[in-house]
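K.L.:
From first to last, the protein sequence lines stand for chains A and B. Under our numbering, the first sequence has 142 at position 141, and the numbering climbs by one with no breaks. Under our numbering, the second sequence has 185 at position 170, and the numbering climbs by one with no breaks.
Derived by calculation from the structure, the hints in this document are not laboratory data. Please note that a few of the clues may not be correct.
[Unchecked claim] Simulated restraints, written as ranges between beta carbons of each label pair:
#1 A:116 x B:244: 37 to 43 Å
#2 B:238 x A:50: 30 to 36 Å
#3 A:262 x B:84: 43 to 49 Å
#4 B:52 x A:262: 41 to 47 Å
#5 A:85 x B:238: 48 to 54 Å
[Claimed, not checked] Dumping the calculated DSS-like pairs for lysine-lysine here, alpha-carbon to alpha-carbon at most 25 Å:
#6 A:226 x A:159
#7 A:187 x B:45
#8 B:45 x A:53
#9 B:81 x A:45
#10 B:181 x A:164
#11 A:164 x A:147
#12 A:53 x B:218
#13 A:146 x A:93
#14 B:112 x B:278
#15 A:215 x A:45
#16 A:53 x A:265
#17 B:82 x B:112
#18 A:45 x B:112
#19 B:49 x A:53
#20 A:265 x A:202
#21 A:215 x A:153
#22 A:164 x A:226
#23 A:159 x A:238
[To be verified] Just a sample of chain A residues kept apart from chain B, beta carbon distances all over 12 Å, derived:
#24 145
#25 193
#26 211
Here the structure is a predicted model, which means the values were calculated and not measured. Note that CB positions come from ideal geometry on N, CA and C, so glycine has one too.
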Amino acid sequence: MNKRLLICTLVAVLFASFEAQAWGGYGHGAIAYVAEQHLTPEAKEKCRHYLKHTLPWYASWMDHWRAVPPFHPTNAWHGFSATADGQVNWEKSNGKAMGEIMRIFRTMENGKYKQLPDSLVRHNLLILVHALPDMHCPVHVGFSKKDFPHYKYNLTRKGKPYKFHAFWDGSPAFERKGWTFERYAKEVDKITPKQAKKIIKKGNFTAWGEDIIKQAHRCFQITTKDKDIAYLTAEEKQAVHDLADEMAMKSAYRLAYVLNEIFK
Amino acid sequence: MKKLLFIVMLAFGISTASAWNVTLDEGILKLAVKNLSIQAQDELFQYLGDNYRDDVHYLYALEARKKAKHSKEIHYLHLDSEFRPLATTTANDDALKAIEAAADIVRHRTQHPKGKVLEALRTIINLMCDMHNPGHVRIEGIPHSQQDFTVTFRAADMGKKMSETKHAKWSRFWSFAPNGFTSDLWVEDIEACNGHRRAEFSKGTLNDWAAEVGKFAAKNLEEITPEAVLTLQHRNTLTQEVTCDWVARASFRLTVLLNELFK
Chain A
2 MNKRLLICTL
12 VAVLFASFEA
22 QAWGGYGHGA
32 IAYVAEQHLT
42 PEAKEKCRHY
52 LKHTLPWYAS
62 WMDHWRAVPP
72 FHPTNAWHGF
82 SATADGQVNW
92 EKSNGKAMGE
102 IMRIFRTMEN
112 GKYKQLPDSL
122 VRHNLLILVH
132 ALPDMHCPVH
142 VGFSKKDFPH
152 YKYNLTRKGK
162 PYKFHAFWDG
172 SPAFERKGWT
182 FERYAKEVDK
192 ITPKQAKKII
202 KKGNFTAWGE
212 DIIKQAHRCF
222 QITTKDKDIA
232 YLTAEEKQAV
242 HDLADEMAMK
252 SAYRLAYVLN
262 EIFK
Chain B
16 MKKLLFIVML
26 AFGISTASAW
36 NVTLDEGILK
46 LAVKNLSIQA
56 QDELFQYLGD
66 NYRDDVHYLY
76 ALEARKKAKH
86 SKEIHYLHLD
96 SEFRPLATTT
106 ANDDALKAIE
116 AAADIVRHRT
126 QHPKGKVLEA
136 LRTIINLMCD
146 MHNPGHVRIE
156 GIPHSQQDFT
166 VTFRAADMGK
176 KMSETKHAKW
186 SRFWSFAPNG
196 FTSDLWVEDI
206 EACNGHRRAE
216 FSKGTLNDWA
226 AEVGKFAAKN
236 LEEITPEAVL
246 TLQHRNTLTQ
256 EVTCDWVARA
266 SFRLTVLLNE
276 LFK
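Only chain A is shown next, with the shape it has when bound in the complex (with noise of 0.2 Å):
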């Protein structure tokens, strides 16, 4: 095997811890719903042109493609790295998430799509709709062990061993079964334009990586090592939903920029 090869697979190996479905599949259709409620008319028509779906339809499409060969190496593309003083570790982000959504962009905006094959269109904006998400989630930030040792540890459910980075993947939907996107965006999506503004910071990448990485830090502040989430108080349920909620929407919105900026 020879050493590219050997670091792809290491690469592949180490990500396929991540959970399988980043934000649940739950969470990434609501969001892939409130980003398509404030796309322009005319990223609407193009999104539907290319996908030949809604934008919830394919907005797990990579957790469900990461295991297939060919897309094995979109497996490192869920999150990204963070360093110590809370920015984007660019070092190790090639090949993740960041990386590639700005990858991404920048071969597809101010209209270079239409450069592109319609298939190879299809395939970025399939990321885009998952990926951008996804590095929203607040565990899907990676935080060193070195710097952050007392960031490694799992919770309880009624008393039995629960997965930290499960319980946060799926915290859209934490105790709110039933919930259909729409309802999702009725009680969720109350975003003023002033909000919209400055979550969007005019599409600046790299503040967008600096709060995410900022905001990410809070979930260890709400369920602590000791939490049986199973029992947790009222203002502690909704200090998970406001994290949630936060960098949910903020993903959408982002995601609804970056596709009306490709499709202006």
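Based on these hints, arrange chain B on the given structure of chain A.
P.N.:
Leaving out everything else, chain B in the frame of chain A:
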């Protein structure tokens, strides 16, 4: 182990009660009604209520309440090796024959009590959805189509977690319904995916449609057997990229049939 299997089924959006879940079937009906002629809509609304969920799974609801006079085989097409309706089945145990019998009642609705016409319409709606599910076809000469079986597919070889073998029942294999989808979103999605193929999918007769589903199911049953282990790619392509075409066919053809019955 059972709990694990249940979680896997939930994760893949597989309904445990029917061919397609009630939300999807409701979407099929909503789109079918949207595409109906005004005259047919007016006539239909004399029978159907506001809650389509009561209509789309009417037969399943009867079975759940143990009030069904039909066999559960009514949810399946039964075809010979040439994909023609089997002569030995009846309207009590075959989808196509039950639809034909119900259509006859609707066609001669003035001769029947309103309740009987409503029952017939609900039967048509429920079974037009079911008969377009490729996992709901029994074909003469294909033994493993005669009863439900477990479809096995293997995720790729990427460590222990990723190489798990997963299972789905053949009758529920053709299903990809992300949790959180509403019937309205289904309508939007069917139109986005197959709206441009409505005329193409609407051609033919009930027998043609049954034969088409049968041929498609037979082709897939060559590779998908109780012994086979599908690749994840194969499974994903069929469930995510092909199922939607059959969902669209069900809806567009329900429109055709109802337009014909109410013309």
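K.L.:
So, for every hint listed, does it hold in this structure?
P.N.:
To see whether the hints hold, each was checked on the structure:
Between residue 116 (chain A) and residue 244 (chain B) the C-beta distance comes to about 41 Å, which sits within the given range of 37 to 43 Å. The hinted range of 30 to 36 Å is satisfied by residue 238 (chain B) and residue 50 (chain A), whose Cβ atoms lie roughly 32 Å apart. A C-beta distance of roughly 60 Å is found between residue 262 (chain A) and residue 84 (chain B), which places it outside the suggested range of 43 to 49 Å. Between residue 52 (chain B) and residue 262 (chain A) the CB atoms are about 43 Å apart, so this pair conforms to the stated range of 41 to 47 Å.
Taking 48 to 54 Å as the suggested C-beta distance range, the pair residue 85 (chain A) and residue 238 (chain B) conforms, at roughly 52 Å. For the hint pairing residue 226 (chain A) with residue 159 (chain A), the CA-to-CA distance comes to about 14 Å; that is within 25 Å, so the pair holds. For the proposed pair residue 187 (chain A) and residue 45 (chain B), the alpha carbon gap of about 22 Å is at most 25 Å, so the pair holds. Taking the CA atoms of residue 45 (chain B) and residue 53 (chain A), the gap is about 20 Å. The hint holds against a cut of 25 Å.
Between residue 81 (chain B) and residue 45 (chain A) the CA atoms are separated by roughly 46 Å; this puts the pair beyond 25 Å, and the hint is violated. As the CA atoms of residue 181 (chain B) and residue 164 (chain A) are separated by approximately 22 Å, the hinted pair is consistent with the 25 Å bound. Taken as a hint, the residue 164 (chain A) and residue 147 (chain A) pair is honoured in the structure, with Cα atoms around 21 Å apart against an allowance of 25 Å. The straight-line distance between the Cα atoms of residue 53 (chain A) and residue 218 (chain B) is roughly 22 Å, inside the 25 Å bound, and the hint therefore holds.
For a cut-off of 25 Å, the pair hint linking residue 146 (chain A) to residue 93 (chain A) stands: about 14 Å separates their Cα positions. For the suggested pair residue 112 (chain B) and residue 278 (chain B), the alpha carbons sit about 22 Å apart, so the restraint of at most 25 Å is met. The suggested pairing of residue 215 (chain A) with residue 45 (chain A) is violated, with an alpha-carbon distance near 31 Å, which exceeds 25 Å. Of the supplied pair hints, the one linking residue 53 (chain A) and residue 265 (chain A) holds, its CA atoms being roughly 19 Å apart against a limit of 25 Å.
A distance of roughly 20 Å separates the Cα atoms of residue 82 (chain B) and residue 112 (chain B); the hinted pair therefore holds under the 25 Å criterion. For the hint linking residue 45 (chain A) to residue 112 (chain B), the alpha-carbon distance of about 42 Å lies beyond 25 Å, and the restraint is violated. Proximity of residue 49 (chain B) to residue 53 (chain A) is assessed by CA-CA distance (about 20 Å); at most 25 Å being required, the pair is judged to hold. With a C-alpha separation of about 18 Å, the suggested pairing of residue 265 (chain A) with residue 202 (chain A) holds against the 25 Å cut-off.
Proposed proximity of residue 215 (chain A) and residue 153 (chain A) is supported: the alpha carbons are some 17 Å apart, at most 25 Å. Under the criterion of a C-alpha separation no larger than 25 Å, the hint pairing residue 164 (chain A) with residue 226 (chain A) is consistent with the structure, at around 11 Å. Taking the CA atoms of residue 159 (chain A) and residue 238 (chain A), the gap is near 16 Å; set against the 25 Å cutoff, the hint holds. Interface exclusion of residue 145 (chain A) from chain B stands, the closest Cβ pair being 22 Å apart, more than 12 Å.
Here residue 193 (chain A) stays apart from chain B, with its beta-carbon at least about 25 Å from theirs, past the 12 Å limit. Residue-level check passed: residue 211 (chain A) sits 30 Å from the nearest beta carbon of chain B, beyond 12 Å.
In terms of the numbered hints stated before, the structure departs from hints 3, 9, 15 and 18, listed from lowest to highest.
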